[in-house]
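The listed protein sequences derive, respectively, from chains S and B.
The first sequence begins at 1 in the working numbering and counts up one residue at a time.
The second sequence begins at 1 in the working numbering and counts up one residue at a time.
If you're looking for bench data, these hints aren't it; they were derived computationally from the structure.
Glycine included, each C-beta is placed from N, C-alpha and C at the ideal position.
Treat each hint with caution, since some may be false.
[As the list claims (entries may be wrong)] Computed cross-link-like contacts, DMTMM-like style, restricted to lysine to aspartate or glutamate with a CA-CA straight-line distance of at most 20 angstroms:
no.: 1; chain 1: B; residue 1: K160; chain 2: S; residue 2: E244
no.: 2; chain 1: B; residue 1: K117; chain 2: B; residue 2: E97
no.: 3; chain 1: S; residue 1: K179; chain 2: B; residue 2: D180
no.: 4; chain 1: S; residue 1: K247; chain 2: S; residue 2: E226
no.: 5; chain 1: B; residue 1: K160; chain 2: S; residue 2: D273
no.: 6; chain 1: S; residue 1: K42; chain 2: S; residue 2: E226
no.: 7; chain 1: S; residue 1: K179; chain 2: S; residue 2: E226
no.: 8; chain 1: B; residue 1: K160; chain 2: S; residue 2: E182
no.: 9; chain 1: B; residue 1: K117; chain 2: S; residue 2: E163
no.: 10; chain 1: S; residue 1: K179; chain 2: B; residue 2: E177
no.: 11; chain 1: B; residue 1: K160; chain 2: S; residue 2: E175
no.: 12; chain 1: B; residue 1: K117; chain 2: B; residue 2: D180
no.: 13; chain 1: S; residue 1: K179; chain 2: B; residue 2: E97
no.: 14; chain 1: B; residue 1: K117; chain 2: B; residue 2: E93
no.: 15; chain 1: S; residue 1: K77; chain 2: S; residue 2: E151
no.: 16; chain 1: B; residue 1: K117; chain 2: S; residue 2: D165
no.: 17; chain 1: B; residue 1: K160; chain 2: S; residue 2: D176
no.: 18; chain 1: S; residue 1: K42; chain 2: S; residue 2: D79
no.: 19; chain 1: B; residue 1: K160; chain 2: S; residue 2: D245
no.: 20; chain 1: B; residue 1: K117; chain 2: S; residue 2: E156
no.: 21; chain 1: B; residue 1: K160; chain 2: B; residue 2: D180
[To be verified] From chain S, some residues computed to sit far from chain B (all C-beta separations above 12 angstroms):
no.: 22; residue: E35
no.: 23; residue: R37
no.: 24; residue: L41
no.: 25; residue: V44
no.: 26; residue: R56
no.: 27; residue: T118
no.: 28; residue: P142
no.: 29; residue: R159
no.: 30; residue: A162
no.: 31; residue: Y166
no.: 32; residue: S167
no.: 33; residue: F172
no.: 34; residue: L218
no.: 35; residue: T236
no.: 36; residue: A275
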Amino acid sequence: MLMREWLQNENEPGSDGAPAAGYPFGFMDEGAKKEIRRSILKAVAIPGYQVPYGSREMPIARGWGTGGLQITLSLVKPDDIFKVIDQGCDGSVNAVNIKKFVAAVADVAITTDTRAATLIQTRHRIPEEPMTDRQILVLQVPYPEALREVEPSEMETRRMHAEADYSRMWLFLYEDIVKYGEITISYRYPVTVNGRYITDPSPIPRWDVPKLHMADTLFLFGAGREKRIYAIPPHTSVEPLEFEDHKFRTENFSGKACARCGATDTYLDEVIDNAGGGRSYFCSDSGYCDKRSLAWNH
Amino acid sequence: MEPLIRIRNLSKRFGQGCSRCRDATGQEQDTNLCPHCGSVMACNDVSFDLFRNEALGVVGESGSGKSTLVRLLHFEWEASEGAVEMHRSAGLENLPEIFATGSDYSFNLLGLSHFQKRQLRNALMGIVYQNPHLGLRMQISSGGNIAERLLGAGWRHIGKMRRRSAELLERTEIPVERMDEPPCNFSGGMQQRVQIAKALSNNPLILFLDEVTTGLDLSVQARVLDLIRNLRSEFNLSMLVVSHDLGVINLLCQRTMVMKSGHVVESGLTDQILQDPQHRYTQLLVASQL
Chain S
1 MLMREWLQNE NEPGSDGAPA AGYPFGFMDE GAKKEIRRSI LKAVAIPGYQ VPYGSREMPI
61 ARGWGTGGLQ ITLSLVKPDD IFKVIDQGCD GSVNAVNIKK FVAAVADVAI TTDTRAATLI
121 QTRHRIPEEP MTDRQILVLQ VPYPEALREV EPSEMETRRM HAEADYSRMW LFLYEDIVKY
181 GEITISYRYP VTVNGRYITD PSPIPRWDVP KLHMADTLFL FGAGREKRIY AIPPHTSVEP
241 LEFEDHKFRT ENFSGKACAR CGATDTYLDE VIDNAGGGRS YFCSDSGYCD KRSLAWNH
Chain B
1 MEPLIRIRNL SKRFGQGCSR CRDATGQEQD TNLCPHCGSV MACNDVSFDL FRNEALGVVG
61 ESGSGKSTLV RLLHFEWEAS EGAVEMHRSA GLENLPEIFA TGSDYSFNLL GLSHFQKRQL
121 RNALMGIVYQ NPHLGLRMQI SSGGNIAERL LGAGWRHIGK MRRRSAELLE RTEIPVERMD
181 EPPCNFSGGM QQRVQIAKAL SNNPLILFLD EVTTGLDLSV QARVLDLIRN LRSEFNLSML
241 VVSHDLGVIN LLCQRTMVMK SGHVVESGLT DQILQDPQHR YTQLLVASQL
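In isolation and in its complexed conformation, chain B is listed as follows (with noise of 0.2 angstroms):
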């Protein structure tokens, strides 16, 4: 089977960047700060496959680059470097231009104009932010929310677009009376339903959830993921799972890679990475593991 999306030596900096930046960083160096010019690596030469419906994890401590990564796929910031492609089944009609005829994968997607990046992600991507005040607005209506995603892939019917919201949120476990509510009359975990519901909207293909359930008391926790779960059978999703819980990454993922200082440090099977890691970074993970 070909990967869905493969990504290859993306790499972010932030700062102006020097010739020893790549060497100076590191997990050797257990930072990702150059010391020579001060710039920041967050995402150092990063390749992987995301397959149609599997989900990935990233594991990683605060600062080892996972939500940059998230952020550079999405398209919401600028790789410094680096190539994602998409496998042509990804069906893009609208977006012809971006294949060569004959090849299987589409050009380097971080060289599209932004309108272009804009329409892809439209077209195939969710995302589910850890804070839900990144993904939602909070004084617009829940239903509002869910139909900006809708408005933005050209829907102009406003019946079409309640129902189609209802429906989601219906999915979701929010009670569909209270759609016309901001969410920012509602609990965490609520919020962080609307925002699942905002992102499946467009009926994506991959699904970003980075720290979803951080900050969610463990009964929601659990009901989070138990809806993620079957959300991912259902819609066939393919999903980058980030996350510092391992416990997460073990409920959802059936790969998993370990990042540290913007670098990947070892990937494979979770089941694998869990039971038998190999890199003293993943061992010492697995190891302070309540």
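Bound conformation, chain S alone (with noise of 0.2 angstroms):
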């Protein structure tokens, strides 16, 4: 059965197709989505910086997506096609479930076709397919601070970047080099956003990286423990940081093929057969996968 399929099944609308009674049209009431849309409109204005806002309190724990959850709840019209993906899977139980909160608040139609989404909300991951600027990608970011892992303070942090004093940051990637003869982050790769702010992609994997730089479509970061609402604006310059004699690369899968598509050009989920050791791969874009499954068998 296709992912696209169950979820349909499982997935049966309100019986009169109108928002859950008591609240109001997704979820927050106007002055926490006015809120959260002028934080937003800020993030665009001063891409990668990170603006603080109020964190509402929402149906599910903080650090599962609260914050992509609120910018999504902020930004939803009736009219949207809506698509949630967690790890590039469509059907994975927070996926699923904040799929149904979204429907059930907004009464949106949901989907799980990258092109027929206007709005789509990820955890770690960026679609395979190229998005457009009729589309709006929304990420659940656990840790919006990139410089973190070298600066506990939020105090001098803030600092850093007022100054653009990156020099620590850079100065990890070298002792990086200097210990393992490469730069060892594995996602979450530090960026730097429209030449000025070193910005944190969320813990998508490098293969996404670049597909921040330069796109059509807007991204919208949302850390809702970590109260932080920032933005990768249409068409802005993403650089992952890199030194001359280091360049930055992607996950190599040359030689392997997706078990379920044979897709060569999809970012890989290595999935190990606990009886037999076996090691196969497989798309981990469960829509992507989908839609090139059924290509292959009709």
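Bring the two chains, given one by one in their own frames, into a single complex with the hints.
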């Protein structure tokens, strides 16, 4: 069964199709939505800058995507087509719950098709299919501060951002190269946005980092627990930190293909067969894999 | 010849301050603590010039304001009053806005933004502290410590940075094989030499030395001083040498200022100050030298 069919069976909308009783459209009150929209506008105006905002209580726990959810709920319109992915997958518990919740409070249509969606909330992946200027990608962020690895104090990291004093972040990468011969950061790879702020792209794999550069799509980042919103607007330069003699590189899947759809140009998850010990690879982006499998079978 | 940097009426007050601070502290009163408001005048109305390729000594008892002076000039602390002006010949291509057209000297550097001060410091200044823990990251490799300054100055090539670090460590007599070891593995004298290498990495014009040899044993002291003297002529450095040790000052500096309770009480050629001290306090200082 395809994920899409399964979700459609699982996800019968409410009987009358109206938003959940007793709650305003989009769950949050208008004041909260207004504040979050204003924070988003500021974030778009200063690409890569972390805008503090008053994170609201959500019916899921902080750290489970409340930052992304609040951005989603403040932007969602009744005619939106909504998609949620968790680590690339449309069907994980988290993704399904968030999808059901937003469908219940905002009465939007749900899809697994990246092309069809107008609003996508995601945890730790950017969809494989290129996105357009008609779409918005909302990323859930656990740790919005890219400099936290090198500096525990928030006061100090804010000063470092203000003065563009990033030598310690670079030093961290230098030490990594001296110790291990290459930069060992696998996800949350720090990037320079618009030539100014060093920014955490959320825990996306390195594979996804180049997709942020000069994209057509608006990327919004929400950290509910840490109470920060930031943005990468369309057509903004996003450069991963790299040295002239140690360039940034993405994960290498050469010689491997998705065992389900045969794709060789996607980010692959390695799955180990517990019984036999064999390794196989599957697309991490389940919506894209479904689409390819369909074309494959028909 | 025009001075490289002009310092005028530099003051640093810790505490609220009151209208009587200035008159109630100083050499006559023999204190820098204002009895009326409890503020400390760590530096009071200090003015001097620093020339190119010159080593200027600052001596005085502990608490006389020597280290405060260095930290004000290195922009670590904010001065309460005063002006610091840099000569145009310092060559600050990336900060053209700090010079008024037609003037040989910059605006008051103390009024610059933190960002500009940082750029200025990265481009022009180096500092060696008495305590290597202040100047070095003890858990990060020595090469990395040197690279930090280079990274701050915009270097983005690992190979080139490592070559530069190796070069400097060699100059400061640290075995290059140990460049990837953290300074916490090193002896005090070696740590001090790593600090010097770090301070020199960006080819500074001005080097601040804050009690560099205090706490080192005599043979190591001699080697560190020898190194500093050679580096000064080699790199064409202007140095501000803070010490309470007149021997160090005598060896390194042509000119000397004597500080007491935040004030400069006497200044002149080092020989003159050591042979023929004029001020009561300087006489005491010279006489008490072993």
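For this session: Please work out if S/K247 and S/E226 have their alpha carbons no farther apart than 20 angstroms.
Result: Measuring from Cα to Cα gives roughly 31 angstroms; hence the hint is violated.
Problem set entry | Straight-line alpha-carbon gap B/K160 to B/D180, limit 20 angstroms | Status holds; Cα separation ~15 angstroms.
Exercise. Hey, B/K117 versus S/D165, does the alpha-carbon distance stay inside 20 angstroms?
Worked result: Holds. B/K117 to S/D165 sits at ~11 angstroms (cutoff 20 angstroms).
Exercise. Minimum Cβ separation between S/A275 and chain B greater than 12 angstroms?
Worked result: holds (45 angstroms)
Exercise. Given the hint that S/K179 pairs with S/E226, does the C-alpha gap stay at or below 20 angstroms?
Worked result: Not OK: S/K179 and S/E226 at ~32 angstroms, beyond 20 angstroms, violated.
Exercise. Looking at S/L218 again, its CB stays over 12 angstroms from all of chain B?
Worked result: The claim holds: S/L218 sits with its nearest Cβ about 29 angstroms from chain B, beyond 12 angstroms.
Problem set entry | No chain B beta carbon within 12 angstroms of S/P142's | The assertion about S/P142 holds, with a minimum of 26 angstroms to chain B.
Exercise. Checking the smallest CB distance to chain B, is S/V44 really beyond 12 angstroms?
Worked result: Nearest chain B Cβ is 24 angstroms from S/V44, so the label holds.
Exercise. Does S/E151 lie within 20 angstroms of S/K77 when you go C-alpha to C-alpha?
Worked result: violated (40 angstroms)
For this session: Take the C-alpha atoms of B/K117 and B/E93, compute the straight-line distance between them, and say whether it is at most 20 angstroms.
Result: Roughly 14 angstroms separates the two Cα atoms, so the pair holds.
Problem set entry | Assertion that S/T236 lies farther than 12 angstroms from chain B (Cβ) | Holds, because the least Cβ-Cβ distance between S/T236 and chain B comes to about 21 angstroms, which exceeds 12 angstroms.
Problem set entry | Status of the stated non-contact between S/Y166 and chain B (beta carbon gap over 12 angstroms) | Given that some Cβ of chain B is not farther than 12 angstroms from that of S/Y166, nearest at about 8 angstroms, it is violated.
Hint compliance for this structure: hints 4, 5, 7, 12, 13, 15, 18, 29, 30, 31, 32, 33 are not met, and every other hint is.
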